[in-house]
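J.: Generate coordinates for the entire structure from the input sequences, incorporating the hints supplied.
One letter stands for each residue in the lines below.
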Amino acid sequence: MPPLDGMATGTGELLAVTGLNVSYGESKVLFDVNLHIGANEIVACVGRNGAGKSTLLKSIAGFLKLNSGTVTCNRVNLVGRMSYDIAKMGIKYVPQDKKVFSDLTVQENLELGSYATKDYNWDRVTDYFPKLKALMERKAGFLSGGERQMLMIARALLGHPKLLLIDEPTEGLAPSIVSHLREVFRELNKAAALVIVEQNLPLVCAIANRVYALKEGRIVAELADAASIRADVCEKYL
Amino acid sequence: MSAQLLTSGVIFGLSIGSIFFLMAIGLSLCFGLMRIISLDQLLYYSVGAYLTYSLTLVTGNVWLGVLGGVVVAGIVSFAVERLIFRRIYERELTFSMITSFGVLIGGIGVIKFFWGVVPRPVPVPLMAQIDIIGTEVPVYRLIVVAIAFLVYAGIWLFLNRTITGKAIRAGIENVEHVEGLGINVSRLFTITFIIAGALSGLAGGLHAPLIMVDPSMGLEVLAFVFMVVIIGGLGSIKGTLISAFIVGQVVSLGSLIYAPLAQMAPFAIMLLILLVKPTGLYGSPLLKR
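These protein sequence lines map, in sequence, to chains A and B.
Okay, so the first sequence: first residue is 1 according to the numbering used here, each after it adds one.
Okay, so the second sequence: first residue is 1 according to the numbering used here, each after it adds one.
The reader is advised that the hints may include incorrect statements.
[To be verified] Calculated lysine-lysine pairs in the BS3-like style (CA-CA distance at most 27 Å, straight line):
#1 A:Lys190 to A:Lys215
#2 A:Lys28 to A:Lys190
#3 B:Lys238 to A:Lys99
#4 B:Lys277 to A:Lys99
#5 A:Lys236 to A:Lys215
#6 A:Lys99 to A:Lys131
#7 B:Lys277 to A:Lys139
#8 A:Lys190 to A:Lys65
#9 B:Lys238 to A:Lys139
#10 B:Lys277 to B:Lys238
#11 A:Lys215 to A:Lys133
#12 A:Lys190 to A:Lys131
Since the hints were made in silico from the structure, they are not lab data.
T.: Take a look at the structure:
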């Protein structure tokens, strides 16, 4: 599958999700979700635990089977595609669990990011996270939580993705690392659109162009301007 | 026990341990990456042995027979993975266990159809013996041990020095994350399954000259191979090697001390090790799908 040429290069719609319904077995998690992501946007998803935020990202990334609905990227249908295929198209998912391949070194983790994309420019991705440069030979299992998050994002950046789906990136991290990630996200946004699931409202308010609030599997609000993207407003949905 | 008997017992234990290793490595890798219990590996062991028998009859060269057995076992395992396992990877572990047992039993039926039920002999390719501490030891058994070490080194290099091998190691930790990097995990599954099948075929081919080849030969070693995988730790290549040699020695030396020990002692060792280390010698508690 060739990359989606022209993705995130203009200002138009990059990703569109319509009528999305997803279940885990008998338990329905997402109900008729509609959203859209513009090229070069940073969109945040907020909501309580269990609201369906992670499920939404996993569904877009192809890890879950949809009951119904459509997901398109630059009008290319993503439904039914394998997750690895979607990743190769330039839509990368960074999971919440901060599980790097612990038995592999940092460099080997990056090598795997290069495996499918054939992008071996590790300097470019570690420029965002200079700390990783000194840790290339270290087994990833010995990294701190913040370093693991950096590695997961760096790994996902190989291949120049056009859309990054990042699940709770700052959970459990020190404030200094959160500040660093905030700057990195702003920098990344120059070349890619970002969808971030996040509970850290100051971060959301600092970087998001739009915010979707989810509650019990439904989108209950869309905050689309700076005046409404405020911590006190977002807090109502947590 | 005389020194001669002990030396010969140790060499026998090493060679039988080598066979166990070659068979168990496939089971271990399949569980580590795909989270399936692939009892059908015992079928590829039989396929390897029977191909060695037939090709030796035709060509007169046992080594060609072993090579043919490896190739055909790899092809059969590829077909089984494509036709059967691909459809059940998402199912429960017990499902794969029962399915693979079905494949094993069905395969034994096919073997009986083509080769009959009469046990078949395969000549030892090398009759030479060498003297080790005053004991005449068959060179062929030493070659079997050397091949097992070569395979271990090859697998180690593959898993640690090639990108496909690293992807398999990563997949053993977390398949979903590997897929999220754009890597076709399904292809990794197929590669792993073929390697496992071919190695089981190699075990059968190498073992054939040391035993009589018969349709249920896979079932006869089933318990030992399981023990090797469990003692070594599921998914660990190093653990499988060490465990195979432990079980091989226990079977061999146990039979020298008191014949029933050969069957019983490996179970006792397994229980003992699991009591101390429930994940096996080198098993990782990290293994999760």
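J.: Given the hinted pair lysine 277 (chain B) and lysine 139 (chain A), is their Cα-Cα distance within 27 Å?
T.: holds (24 Å)
J.: Lysine 215 (chain A) and lysine 133 (chain A) were given as a pair; does the straight-line alpha-carbon distance stay at or below 27 Å?
T.: Not OK: lysine 215 (chain A) and lysine 133 (chain A) at ~40 Å, beyond 27 Å, violated.
J.: Could you grab the alpha-carbon distance between lysine 277 (chain B) and lysine 99 (chain A) and see if it respects the 27 Å cut-off?
T.: holds (24 Å)
J.: Are the Cα positions of lysine 238 (chain B) and lysine 139 (chain A) separated by 27 Å at most?
T.: Roughly 18 Å separates the two Cα atoms, so the pair holds.
J.: Going straight from one Cα to the other, do lysine 277 (chain B) and lysine 238 (chain B) come out at no more than 27 Å?
T.: holds (16 Å)
J.: Would the pair lysine 190 (chain A) and lysine 215 (chain A) pass a check requiring their Cα atoms to be no farther apart than 27 Å?
T.: The hint is violated at about 30 Å.
J.: For the pair we were handed, lysine 190 (chain A) and lysine 65 (chain A), check the Cα-Cα distance against 27 Å.
T.: violated (31 Å)
J.: Could you grab the alpha-carbon distance between lysine 236 (chain A) and lysine 215 (chain A) and see if it respects the 27 Å cut-off?
T.: holds (11 Å)
J.: Would the pair lysine 190 (chain A) and lysine 131 (chain A) pass a check requiring their Cα atoms to be no farther apart than 27 Å?
T.: holds (22 Å)
J.: Can you confirm whether the C-alpha distance between lysine 28 (chain A) and lysine 190 (chain A) stays at or below 27 Å?
T.: violated (36 Å)
J.: Against the 27 Å threshold, does the CA-CA distance of lysine 99 (chain A) and lysine 131 (chain A) hold or violate the hint?
T.: Holds - the C-alpha atoms of lysine 131 (chain A) and lysine 99 (chain A) are around 18 Å apart, at most 27 Å.
J.: Check whether the Cα positions of lysine 238 (chain B) and lysine 99 (chain A) lie no farther apart than 27 Å.
T.: holds (24 Å)
Comparing the model with each numbered hint stated earlier shows that hints 1, 2, 8 and 11 do not hold.
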